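Chemist: Take a look at the letters that make up each chain.
2 protein chains.
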Amino acid sequence: MVESGSILELHSQCGISETMLAKTFVPRHLLDSRCFSSVNSKILKVGDVLREARVFSSEDVKGYAEVSHDWNPLHFDQESARKAGFENRLVHGMLVSSMFPRIISAHFPGAVYVSQTLHFRSPVYIGDDILGIVQATTLRETKNKYIVKFSTKCIKNHSELVVLDGEATAILPNLEMLQPSHLE
Amino acid sequence: MVESGSILELHSQCGISETMLAKTFVPRHLLDSRCFSSVNSKILKVGDVLREARVFSSEDVKGYAEVSHDWNPLHFDQESARKAGFENRLVHGMLVSSMFPRIISAHFPGAVYVSQTLHFRSPVYIGDDILGIVQATTLRETKNKYIVKFSTKCIKNHSELVVLDGEATAILPNLEMLQPSHLE
Numbered sequence: 001m002v003e004s005g006s007i008l009e010l011h012s013q014c015g016i017s018e019t020m021l022a023k024t025f026v027p028r029h030l031l032d033s034r035c036f037s038s039v040n041s042k043i044l045k046v047g048d049v050l051r052e053a054r055v056f057s058s059e060d061v062k063g064y065a066e067v068s069h070d071w072n073p074l075h076f077d078q079e080s081a082r083k084a085g086f087e088n089r090l091v092h093g094m095l096v097s098s099m100f101p102r103i104i105s106a107h108f109p110g111a112v113y114v115s116q117t118l119h120f121r122s123p124v125y126i127g128d129d130i131l132g133i134v135q136a137t138t139l140r141e142t143k144n145k146y147i148v149k150f151s152t153k154c155i156k157n158h159s160e161l162v163v164l165d166g167e168a169t170a171i172l173p174n175l176e177m178l179q180p181s182h183l184e
Numbered sequence: 001m002v003e004s005g006s007i008l009e010l011h012s013q014c015g016i017s018e019t020m021l022a023k024t025f026v027p028r029h030l031l032d033s034r035c036f037s038s039v040n041s042k043i044l045k046v047g048d049v050l051r052e053a054r055v056f057s058s059e060d061v062k063g064y065a066e067v068s069h070d071w072n073p074l075h076f077d078q079e080s081a082r083k084a085g086f087e088n089r090l091v092h093g094m095l096v097s098s099m100f101p102r103i104i105s106a107h108f109p110g111a112v113y114v115s116q117t118l119h120f121r122s123p124v125y126i127g128d129d130i131l132g133i134v135q136a137t138t139l140r141e142t143k144n145k146y147i148v149k150f151s152t153k154c155i156k157n158h159s160e161l162v163v164l165d166g167e168a169t170a171i172l173p174n175l176e177m178l179q180p181s182h183l184e
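First to last, the protein sequences are chains A and B.
Residues in the first sequence are numbered consecutively from 1, following UniProt numbering.
Residues in the second sequence are numbered consecutively from 1, following UniProt numbering.
Read the hints as simulated data drawn from the structure, not as lab findings.
Because the structure is a prediction, the values reported are computed rather than measured.
Incorrect hints may appear among the rest.
All copies of an identical chain are treated as equivalent in the list; a pair is satisfied when it fits inside any one copy or across any two copies.
No more than 30 Å apart at the CA atoms, straight line, and that leaves these computed lysine-lysine pairs for BS3-like [said to hold, decoys possible]:
| no. | residue 1 | residue 2 |
| --- | --- | --- |
| 1 | K156 | K62 |
| 2 | K143 | K83 |
| 3 | K145 | K156 |
| 4 | K42 | K149 |
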């Protein structure tokens with residue numbers, strides 16, 4: 001576990017409401033990262049950890065298949081999943097991976113993804129409680145932007161079991177982090 | 001360009017109909033990779049290339065944001081995209097990346113993703129014509145399954161411009177490829 005530095009948590013339950021987003025398409029406060037007060041802002045430093053929990057539902061898996069066109073039977077047919085050695089239907093690995101850019105861009109609107117490595121180490125089943133953990137490991141300023149490397153991993157069901165890990169690099173427009181209270 | 005070996009192409013236009021999938025949830029022929037005739041089957045070998053073209057629409061980007069919760073303004077607000085140095089609204093990099101497991105699992109239902117590296121080299125804009133290219137580079141049999149490494153890349157608008165590349169590893173249940181005619 002890499003939990004030094006400050007820890008910021010987002011939960012789907014208490015974060016951005018999907019209904020709200022669907023209505024407004026994208027809220028104004030996501031379009032302007034400077035609209036939060038300095039009292040609540042925090043400057044990212046190496047070691048800081050950002051986290052978000054999520055449970056992927058059957059509807060999430062279907063929604064992801066509709067947009068990705070990835071209808072691998074492992075995600076839809078229990079018998080196919082069992083034949084392949086799994087206990088149940090799997091969540092698409094790339095859907096789980098989407099937690100990393102989501103966590104980064106929720107704190108740094110306008111972040112540009114440069115790279116991501118992904119190792120799918122253990123199955124994620126529909127209904128598993130997944131915690132995405134993103135930690136800044138290196139930070140470099142260039143032309144008023146910031147190139148930040150993050151270690152990225154997901155653990156499941158409140159255990160130490162890493163289901164997915166890797167590394168991401170993103171270009172951040174600034175180092176001021178949006179705080180969870182601003183996402184509610 | 002890596003186009004040696006046989007080339008199989010899928011096009012969204014002539015591939016699986018989303019409407020059909022939405023109605024049946026997942027077609028029977030995707031649940032049983034043995035239901036195609038040996039006349040039309042082909043055994044994967046090192047060097048074989050699988051390809052699929054796709055144009056990501058504004059609705060695709062919104063659909064992906066709804067399922068991933070990634071509402072980065074670069075994907076929704078032209079002004080934010082321009083401020084960040086882009087010509088227009090970007091398609092989520094991880095949505096473009098979803099082409100790789102989609103291409104692999106469309107040919108090998110039951111494929112299990114092991115790893116993926118991703119380098120986002122150039123922006124993908126809504127409306128760009130993206131060609132996903134997946135080539136088998138190494139192949140190893142183990143316990144009646146096959147561990148296959150693929151080089152993976154996307155080029156855009158019929159140019160040589162690589163917008164995204166990397167490498168994927170997948171475990172395939174067998175080496176018999178579904179052919180496009182079986183996906184129509």
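Chemist: Okay, which hints does this one fail, numbers in order?
Modeler: Those not satisfied: there are none.
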